[in-house]
Each structure stands twice: as structure tokens, then as C-alpha cells.
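Student: With chain A held as given, fit chains B, C, D, E and F with the ligands onto it using these hints.
Listed below, chain by chain, are the residues.
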Amino acid sequence: MTPSIRKLVTIVTEAQLERELTRDLESHGILGYTITDARGRGAHGQRASSWELSSNIRIELICEAAHAAELMAYLQTHYYQHYAMVLYAQDVEVLRPDKFR
Amino acid sequence: MTPSIRKLVTIVTEAQLERELTRDLESHGILGYTITDARGRGAHGQRASSWELSSNIRIELICEAAHAAELMAYLQTHYYQHYAMVLYAQDVEVLRPDKFR
Amino acid sequence: MTPSIRKLVTIVTEAQLERELTRDLESHGILGYTITDARGRGAHGQRASSWELSSNIRIELICEAAHAAELMAYLQTHYYQHYAMVLYAQDVEVLRPDKFR
Amino acid sequence: MPRPSTALAKVQRLSIDPVVLFFLLGLAAGLAKSELRLPPAIYDFVSTLLLLSIGLKGGIELARQPVLALVPDILALILLGAALAFLAFALLHYVARINRIDSAAIAGHYGSVSVATFAVGIAWLQSQTISYEAEMPLFLVMLEVPAIVVGILLARGMDAGVRWGHILREVLLGRSIVLLVGGLLIGWVAGPDGVQPLAPLYFDLFKGILALFLLEMGLIAAAQLGGFRQHGVKLIAFALVIPPIFGAIGAFAGTLMGLSVGGTFLLATLTASASYIAAPASMRSALPEANPALSLTMSLALTFPFNLLVGIPLYQTMAEWLHR
Amino acid sequence: MPRPSTALAKVQRLSIDPVVLFFLLGLAAGLAKSELRLPPAIYDFVSTLLLLSIGLKGGIELARQPVLALVPDILALILLGAALAFLAFALLHYVARINRIDSAAIAGHYGSVSVATFAVGIAWLQSQTISYEAEMPLFLVMLEVPAIVVGILLARGMDAGVRWGHILREVLLGRSIVLLVGGLLIGWVAGPDGVQPLAPLYFDLFKGILALFLLEMGLIAAAQLGGFRQHGVKLIAFALVIPPIFGAIGAFAGTLMGLSVGGTFLLATLTASASYIAAPASMRSALPEANPALSLTMSLALTFPFNLLVGIPLYQTMAEWLHR
Amino acid sequence: MPRPSTALAKVQRLSIDPVVLFFLLGLAAGLAKSELRLPPAIYDFVSTLLLLSIGLKGGIELARQPVLALVPDILALILLGAALAFLAFALLHYVARINRIDSAAIAGHYGSVSVATFAVGIAWLQSQTISYEAEMPLFLVMLEVPAIVVGILLARGMDAGVRWGHILREVLLGRSIVLLVGGLLIGWVAGPDGVQPLAPLYFDLFKGILALFLLEMGLIAAAQLGGFRQHGVKLIAFALVIPPIFGAIGAFAGTLMGLSVGGTFLLATLTASASYIAAPASMRSALPEANPALSLTMSLALTFPFNLLVGIPLYQTMAEWLHR
Ligand SMILES: Nc1ncnc2c1ncn2[C@@H]1O[C@H](COP(=O)(O)O)[C@@H](O)[C@H]1O
Ligand SMILES: Nc1ncnc2c1ncn2[C@@H]1O[C@H](COP(=O)(O)O)[C@@H](O)[C@H]1O
Ligand SMILES: Nc1ncnc2c1ncn2[C@@H]1O[C@H](COP(=O)(O)O)[C@@H](O)[C@H]1O
Ligand code: NA
Ligand code: NA
Ligand code: NA
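Just so you know, the protein sequences line up as chains A, B, C, D, E and F, in that order. When we follow this note's numbering, the leftmost residue of the first sequence carries the number 1, and every step to the right adds one. When we follow this note's numbering, the leftmost residue of the second sequence carries the number 102, and every step to the right adds one. When we follow this note's numbering, the leftmost residue of the third sequence carries the number 203, and every step to the right adds one. When we follow this note's numbering, the leftmost residue of the fourth sequence carries the number 304, and every step to the right adds one. When we follow this note's numbering, the leftmost residue of the fifth sequence carries the number 628, and every step to the right adds one. When we follow this note's numbering, the leftmost residue of the sixth sequence carries the number 952, and every step to the right adds one.
Isolated chain A (complex conformation) (with noise of 0.2 Å):
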């Protein structure tokens, strides 16, 4: 079982988001996307509130190479400007690559 390598996209960004980002995902074909609840600072300033209005989640899914890559570019155009949000990706080791696309 030799493991294929896939990106690993990373989104850190506003909680009051997810609804609509997850909605994105979706129509960008990502099936599946891992959530946790953050808090942090950036050039937005502190986000670490007891308050959905201003504190993160971090958004990590695993697809493929190319996939990501138009994901990332189209998070940026529409989420950059106006959203305080974080980007990054990294290769992963995979069991299933079939699994990730």
C-alpha cells in the first residue's frame, strides 16, 4: 500500500462564515472538509471573543493538486479583500487517494 500524495488546504477565517463557505465548498465539488473552532490574531487584529461575530474556525479539506489550486484562487478573489482570512496548502501522504478529490 504504497500512499499517493494529495493537497491539504487550509482555511483559517471568520466563524460567522461558515454557512456560506462550507456552501462554496460544496458547489466547488469538495465533499468533505474538516472544521475546528480558532481564535487568533492577523492583520484583522485579535479575533478571540466570546462571540461568534469575532472569533475564527479553521477550515482543512484534502482534494486534489489541481482542485486546490482553482479552490485557493477563487477563495482569494472573493474572500480576500473584504474577510479576514488565511490560505495555505501542503502535500499529504494518502491510503485512499480515490477518496480525496
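Treat the hints as calculated values from the structure; they're not laboratory data. Just so you know, not all the hints are guaranteed correct.
[Said to hold, decoys possible] A few chain F positions that, by computed beta-carbon distances, are all more than 12 Å from chain D:
| # | residue |
| --- | --- |
| 1 | Glu986 |
| 2 | His1044 |
| 3 | Asp1110 |
| 4 | Lys1158 |
| 5 | Met1208 |
| 6 | Pro1239 |
[Claimed, not checked] Below, a sample of chain E positions facing chain A; criterion: calculated Cβ distance under 8 Å:
| # | residue |
| --- | --- |
| 7 | Ala655 |
| 8 | Leu658 |
| 9 | Glu662 |
| 10 | Arg664 |
| 11 | Leu665 |
| 12 | Pro666 |
| 13 | Pro667 |
| 14 | Ile669 |
| 15 | Tyr670 |
| 16 | Pro907 |
| 17 | Ala908 |
| 18 | Arg911 |
| 19 | Ser912 |
| 20 | Pro915 |
All C-beta atoms, glycine included, are put in the ideal place defined by N, C-alpha and C.
Tutor: Quick look at chains B, C, D, E and F with the ligands alone, frame taken from chain A:
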């Protein structure tokens, strides 16, 4: 202090497996791991309720590459078929390699 | 838009260090980081209670490789000996490299 | 005993118990995809309070009577739980022709019981100031476990591979049984006077907390309803037809055991209900190849609302009819 | 009606309502960078209870009267909310010369209302045993939405790109409206007797829960105060001058609508308050280029404390003066 | 004063206070590795309510008396806290021959106090309707800090490297002191009448909330018990022998200060208790090389249960004996 390379294995799975899975990890000689609560979506549908039976956890553990491969094979055999689970691995640089076996 | 490479440093440590550690990060010129609550197990035993004194946090920060190396050396000198802490680094692809110094 | 028409009038007047309205609110909000979502910690807080309340309440009543006298009843209930699981399995596997594993898993759910339904039953009796036997919370615990064991047996047979010790430990040390039995023991040891200072939190707030809990249950049930498409009509029918049948069996058993109208009603409510905490967790670890979506959707999204809206008034009518 | 000097004396005596002290405690702890921080789940729990309480309270009162008679008042309030948003926009854009987008976004916040301020107003009346119209929680809901729509219209015009259906759905299915309206409906259907068993949690604990909520609001407001430096003096002035003006308009409207002193006071409190939940969320998705820090700091860190400390006693004086 | 034998009878009857039973339930569930686990947010919620309750209760009593008169008592308590830390250090370092750093850290814990033990002491008095001095919560705060400072001094000497300003700031702005002192101030400013509407949440629910809190403490203590193996017998003995000695000193000091029986008992309970919130947090940042497992296991898993089960009845007997 040149960093050494180890494997970071990430497991996203059903929250109710936490006790069983950590026992399994320990019996495979994994002495360190980190768990966060998560929610998500995948082949088993949306797993995102306020309810342990349909929420996820995300386990991260760092160990030697051979150990990681063996562990992933074990998890795949024992859990993949019947449980919601996603598994991936990455290389990471650590400063105290002896801490992660 | 070809992605650039930066370092992602992950720190897993005692929850009660949060204030001190983020002050430290800021004084080292780290302007962005993301924190999630975590639990886990390691050399200092099980850290998984409903209680801040024995729970963990997981801090992620993206910065330039040289900056990351310096920061990790600092953390190792100042915290490793007396606190439960795990530290590792990875390369990640980012779209706006100027955001992560 | 009231005449049927009076009973019916009572049903109509009471079936809008406000706690049930909270369930409907949660269900509606969930189906409308409202942003309303209660964090897991609230679910844990509210359910902890409910379980302790029920336990304490039972415990202080038990303190008033000889406990040993309950042994025959407890044995009868263990048999009853097991028998209901066998019956459910027979209907599912031989009549509805569902595969053996899923039939066994679902049978475990329906032979076992739901604490939330029981709590609504208690609230229902309280609002009519009908009394019931102190030992009912204990009976609840006794009914929770046997069906789960029977479900696993039916799927695995006497297979040496089943880790019975492990499975029983997990069920008995699960959150809900620990809190219920813990509350029972504390109430029993401390007695009515000792528990008195705890009453404002555990007794006076009971119905308000139950309302909040049912709001969450509505949201959770709405999320489960998505699983409907994968269900055959047979399973949907099963989820709606079994409760009145099992409720009648429970009402009959309660009457045989000599319970009061209130106690008979609560036993019927218990047997009619399907577990959605202990059973799913145990089945998930003992029968991982059973499809958890089937049994969860059935017990949470069909049987639970059915019992709240239709079943509870019905089981009261049954209990009253049997006690004429 | 008391003479002004008596009213003033009352103001001084009452303005130290303990729930307001909890807000100040949170504010002080936040500004002193205390380690005190309440987890998000507590915020959700406490605000859920408050919203349900307000809704239930209104609902059981509504159950006592013909609801259709309220239609004219509701239409009047929709106009009032829209008019206040236009007025706020005019002041910000044409007088204070703030850019169009930010002016429109802030106008949406100030035309809309704050539930927390309303809750403090209710507590204030309760402690003086002054009654108010049952329909006030309904009025709150009616005032929440129109200004948000006007704010978006002012920024975008009749732009085809605005997803109105989506935006309205998000507002109407937001947490706070679902819980408020849900509580109203439950209270209305169940009536006073049905809600009675829920009173210990939803009514008796109301002020204690409100105190905890205000502690959190203080911590949140302290965190927002950091955003001050980026604000011009103009916006700070706006945040402190608008409340009494809008409060006076609300008091006047309430008197015209024939509300009692208590109702007039509550309407003034509502119009004087600025939204910090529904409006920010909607503006963030409909006008993402507006700077959310501006409107949040203004409504949370300036207008909210102003209303708690100065506004509420003032609006009572206004209401009493208009009802002489 | 009751004769010793009567006191003993009372001890036996009362030592099964139901709140203590919740602690035992948590402990048993934790040791049995039950799945029961309360999320951190519940711990925060429940402890916030307790701290505010204790503070408010003290504050409204303080409002009835001249506060300046308390200055001598406060000074005496600061000396007492420091003296207890010195004494603990001497026993640990010179008698039990524990290393200097760990001795100093543990001494800081035992010279300081535990709010949870205090809360159980209050509940204990309430159930016997014994009154106590209003200033006790203030005394608690005064006893919390000095021992921590002494502990750090004993480890570091007058070392210039200790960031005293930083350390004191962290202790004084820690969650527990902010909530306690905040509650005191609010109660003091608002007075009995002002706090009245908050009573249902903060006073009536006190014992129920305390029970829930002790359930969690039991779970946490069980988790700490794992650390036992690394402890020498000496430390275990210390954790069980110090409480009655320090309790006696506290009872003696209380009698000298002219406190009532209830106040004397509470002061004894405080001195006998060991901190497990403020002290560990401060020691962790000021003396990171001290082993936190030692002091936590001792204070949480040994001294805390000892005080709950044995100490509290004993300190009452002491207080009554000294007030004969
Ligand atoms: N350099 C960074 N490394 C890790 N996380 C970051 C970084 N910068 C920002 N973030 C996270 O992304 C969120 C939004 O970032 P920003 O848009 O820069 O305000 C912040 O609140 C942080 O949680
Ligand atoms: N492509 C993916 N990327 C990231 N997380 C995923 C992905 N697919 C599934 N997951 C996570 O793994 C859990 C189980 O996945 P599954 O077994 O596919 O249902 C989901 O609930 C998600 O949290
Ligand atoms: N090998 C590992 N892989 C992932 N996380 C770890 C590992 N070892 C320790 N940790 C995490 O780091 C925390 C502190 O580790 P330690 O200092 O080894 O006790 C633990 O509580 C875990 O959450
Ligand atoms: Na059943
Ligand atoms: Na307004
Ligand atoms: Na002490």
C-alpha cells in the same frame, strides 16, 4: 541544532471512538498525541451536531516513519470499513527527535 | 499566481501559557497566529481535563523559515525544560508571501 | 376512570404541553436550516441536570421504602426488555426481511429505552398531578441494558470474539447510567431532607431545563431527518407502528406488576420508546458493520416525535383503561 | 406624574441597578486585561435563555388579546425603523461626510435594535413594578429588520446583484429572531397556565441570567474599545448623540401610538439602541466592504454603555413627561 | 455549647451532606474510568456562578457595616497566611527534607486557600442555620495572596529576576479573585434590596450549583490520583496531617479575633484548605522548575477530600470547643 524529520499522522474520525482509539494507539507504542474537537463532512455525510454520536475528533501524532506506516495500515484494516475516518501523513521537522518514536 | 513557501510552526503546550506565550510571540515580531483548544498525552502524562491547569492549546503560525528557526530555538530554551510542550515545523505554500514574515 | 370521550378531550387539551412545543421549535428551526445551533457543552449541561434530577427524585422516594421488595419486579423487567428485543428482531428480520445485523441492531434500540421520552412522561404526569411509583427511574435503568445484550447476541450468536466484559463495562459506565444511578444513590442516602436544599436547581427548574433539552433534540432530530431517503418504507412503518404495540405490552406488564395508573403509564412510555444514547454507542462498538444511520433516524426522527405527540396521550388512555 | 426633581432623584437612586454593575465589572476586567474570559458556550447558553424568556413573556400576554388589532402598530413600526435608518444615513453621509458604504452600514445598525438593551429596560421596569404592553417583544422583532434592508438599499441601490432572498432568509432565520419568535409562539399557544411550570427557569432567573449576560457584554465591549484609535471624533460623537435623539423620536412615536408609560419607555429604549447581532451579521455578508470595526465599536463600546448608564433613566423621564 | 458526644452525633448525622456525595460520585466515576466527562465550559459556568454568589453574599452583608473597622483583621490575616506558608515550608524542607523549590511551591499552596472548600463550609453552616461574619469572603481573598508571595520568596530569595509586578498582577487579575471581589463590590454597592432580584440564580441555586461543581471536582481529583505513585509517603502524610494542624491554628486565630462560632469554623476551614487554582497558576509561572504534579495531587486529591469528609465536621467541633 539541525532539525530531524518525523511523520505527523492526522486522524479525523467519530468522537465516540476516542477512548477505544487512544487505547489502541497506546498499545501500538504511541506515547504522545494531541486531540481537538471537530466537525465535518465526508462520505458518511454531515457530522456536525451538538451531539457526541455525530461529531468528530481530530487526532495528531508524531512518530517515526516506519511506525507511522505500520499504524496507518492497522487503522485502515480495523476502522476504515465501518467508521467515518480520514487518515493522512506528512513530514515534519522536530528539534528533539528522541521524543518522537 | 505561483505559491511561495513559508514555514508553519505548530506548538502544543499547556493552556495556561496562552497569555505569556502570545506576548512572547508578539515580542518576537510574530503578527499572526491561530489557536485551538486541545487535549492530549505526552511525556508529562495525560492532559485532558475540563480544567485549564491540565488542558492544552495548539498554536499555529506561519512565518519565514529563518524567523521560524529562531523562534523555535527561543521556545526550546525558555519553555522546554519546565513545561509540557511539543514543537514542529513544516513547509507550506501560501499565496500572499508578504503577509507572513 | 374517565369515559373515552373525556379522555380524548383531555388528550387534545394537553397534547400541547409547552415542552413539546420546544421540540417542535427545534425541529422547525432545523428543517428551515436556521442558524440556530446549541454548542455541545450546552447539550451536556442540560442533559446532566436532567439525569441527576430524575435520579435524585427516584432516590429520595426509594429512601422511604424497603428496596429488597423490588427484586421480583426488577427480574420481570429484565425479562421484559429482552423479550421486546426478540420480538422487534423477529418482526424486522422475518417479517420485514431486513438483514440479520441491522435487524439485531435496531432490535437493541427498540427493546431499550429513551430517557428523554421518560422525562416528558414525568412532566406530563406532574402537570396533571398524577403520582407514580418511586422506583420508576430504577426500572428505567433496568430496562436499558438487557435489550442491548440481546441485540448483540442475535447478531453474533455465542461468538467467542465478542468482548462482553468490555461492552457491559462501556454501557454501565456510560454517562447516562452513571448520572442516573449516581443521582438515585445520592437521593437514597441523603433522603428527602438532605436533598431539600438542592431542590431549586434539580426539581424546580426541571421542566424549564427539559424544554431547553427538547429544543436541542428537535435540532438533532431535524439533522437526522436527512437520512430518510436511504430508508425503506418498511423501516419508517416499523418506527411508527412499534411504539403503540410495545406501549400496550408495557401497559399490560405494568398492570400485571400491580403498578398504579401513573406507573403503568410510565412503563408503557418506556417500552414504547427507543434508545438513542446507550444503544447506538454500544452497537457502534459491538456491531460496527450495522448501519447506524438506520437506527438513529428511526429512533430519533420518527419514534421520539411520535411518542411525544401521539404516544404519550395514548399510553395514558391505555393505562387508565387497564385500571378501570 | 412626578415632578422633574423627583424624577431626577429616582434616576440617581436607580441608575445603580445591579445588572448594570455586572456590565461595569466585565468592562473593568476586560480593560485591566484580567484573565477572566467566559467561553463561547456560556454566551450561547445565557443569551438563549434571555431570548426565550423575553419571547415567552410576550407570548403569554399576547394570548390574552386579539392579535389582529396590532397590524396598524406593526406597520407603523416598520416605517419607523426604516425612517430612522434614513435619518442616520443622512447625518452620517451628508453631515459628518462619512463614505457612502460605511454610512449605510452604520445606519442599518442604528435603525435596528439591541435585545440586550431591551432586556435591561424590562428589568428596569420590573424593579419599579411599572407595567408595559404585552406586544413589546413583537415590536422588537418588527423593528429589527427594516433598517437592515434600508441600509443595504442605501449602499447598493436597486443593484440586481443583491441577493435579497438570501439576506432576508439569513436575518429571519438568525438565532435571535428564531428564539424570540419561537418563544412568542410557544407562549401564545401554551398560554399563561401552560407556561407556568417553566417560570422558575425562564422568569424567576431572568435578572440573574441578565446579569451574567451583561458581564460577558462588558468583556466583549472592552475588547472592542481597542478599535477606538481608528475612529474619528465624528463617529464617537455620533454614537453618543444619536441615542437621545432616536430615543426622543421613539418616545414620541410611542405616545402617538397610545402606548402606556412603560411601553413608551421601552419603545424609546429600542429606537435609541443599536443592533450588534443581526445588523453586523447581515452587513458582513451583504456589504463586506464596509468596515465592521466601525459599527461594532460604536454600537457595542459606546452606544450600549451609554444607554445602560445614562439613556435608560433619561428615556423614562421622557416617557413620563410625554404622558403628563 | 453541645457536649462533645452530642457534637459527635451531629458529625455523624451531617457528614453525609449531599453535596459531598456528589464529590464522591465524581471521584468514583473517574476512578472507574467512566465515560462521564463534563466539558470545560460547564466547569467555567458553574465556578463563575459560585464565585459571584459568594462575593455577592458577602457584599450585601458588608453594606450593613463600617468597612474601615475591618482593617486590623485584614492585616492579621495577611500575617496569618504568610506565617502558615513559612510553617509549611519549614516542615517540608527541614523536617521532611523535600528540596527547596518544591517545598516552597507546596508551602504556597497550603498557606493559600481553596474556594471550593470554603463553599462547602458555607453550605454546611447553612444546613445547620448557623450564622457567620459577613466579611468572610473578604477574608478569603486576603488569605489567598500572601502565602503565594512567601512561597516565591522562599524559593527565589530577593532575586532581582522575579517579576513581582507581573506575578501580583496575574494573581490579582485571575478569574477567581476578579469574580469574588467583583461580586463583593456589586453586593456592597447594590445592597440587599438591589441584589434581591438576583437571589433566585445566585442564592437559591447555590447548593445545587455547588453539587454540580463538586461532581466535576471529583472527576478532576480522580484524574490527579494517578500521580500518586511518584509521591513519597512523606508528601501523602503531609497532605493529610497539615489540614487539622492548620485548621486548629485558624480556629485559634478566629477565636482571638473575636469571630463567632460560624466565623471561627470558616476561618479554620480556610486555613486548613490548600489552593488549587491561584497558587498552581502563579507557581507555574514564577517557579516553573517546581513539579506541579506534586502540589496538585496533594491539594486536590488528598487535602480537598480529607477536608470534605473529615475536616469540616472536625473544624466545627474545634470552633465550638473554643467558644465554650
Ligand atoms: N501568520 C499567521 N499564521 C497563522 N495564522 C494566522 C496568521 N495570520 C493570520 N492568521 C489567522 O487568520 C485569521 C485572519 O487573519 P487576518 O486576515 O490576517 O486578520 C487570524 O485571526 C488568525 O487566526
Ligand atoms: N477530503 C476531506 N478533507 C478533510 N477532511 C475530510 C475529508 N473527507 C472527510 N473528512 C473528515 O473526516 C470525517 C469522516 O470522513 P468520512 O469517513 O469520509 O465520512 C468527516 O466527517 C470529515 O470531518
Ligand atoms: N508525539 C506526539 N505527537 C503529537 N502530540 C504530542 C506528542 N507528544 C506530546 N504531544 C502533545 O504535546 C503535549 C505536551 O507534551 P509533553 O511535553 O510530551 O507532555 C501533550 O499533552 C500532547 O498534547
Ligand atoms: Na423500548
Ligand atoms: Na435603534
Ligand atoms: Na490554607
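Student: With reference to the structure, classify each hint as holding or not holding.
Tutor: Structure-based check of each hint:
no.: 1; hint: Glu986; result: violated, 5 Å
no.: 2; hint: His1044; result: holds, 42 Å
no.: 3; hint: Asp1110; result: holds, 42 Å
no.: 4; hint: Lys1158; result: violated, 4 Å
no.: 5; hint: Met1208; result: holds, 29 Å
no.: 6; hint: Pro1239; result: holds, 31 Å
no.: 7; hint: Ala655; result: violated, 17 Å
no.: 8; hint: Leu658; result: violated, 14 Å
no.: 9; hint: Glu662; result: violated, 13 Å
no.: 10; hint: Arg664; result: holds, 7 Å
no.: 11; hint: Leu665; result: holds, 5 Å
no.: 12; hint: Pro666; result: holds, 6 Å
no.: 13; hint: Pro667; result: holds, 5 Å
no.: 14; hint: Ile669; result: holds, 7 Å
no.: 15; hint: Tyr670; result: holds, 4 Å
no.: 16; hint: Pro907; result: holds, 6 Å
no.: 17; hint: Ala908; result: holds, 6 Å
no.: 18; hint: Arg911; result: holds, 6 Å
no.: 19; hint: Ser912; result: holds, 7 Å
no.: 20; hint: Pro915; result: holds, 4 Å
Of the hints listed earlier, those the structure fails to meet are numbers 1, 4, 7, 8, 9, in rising order.
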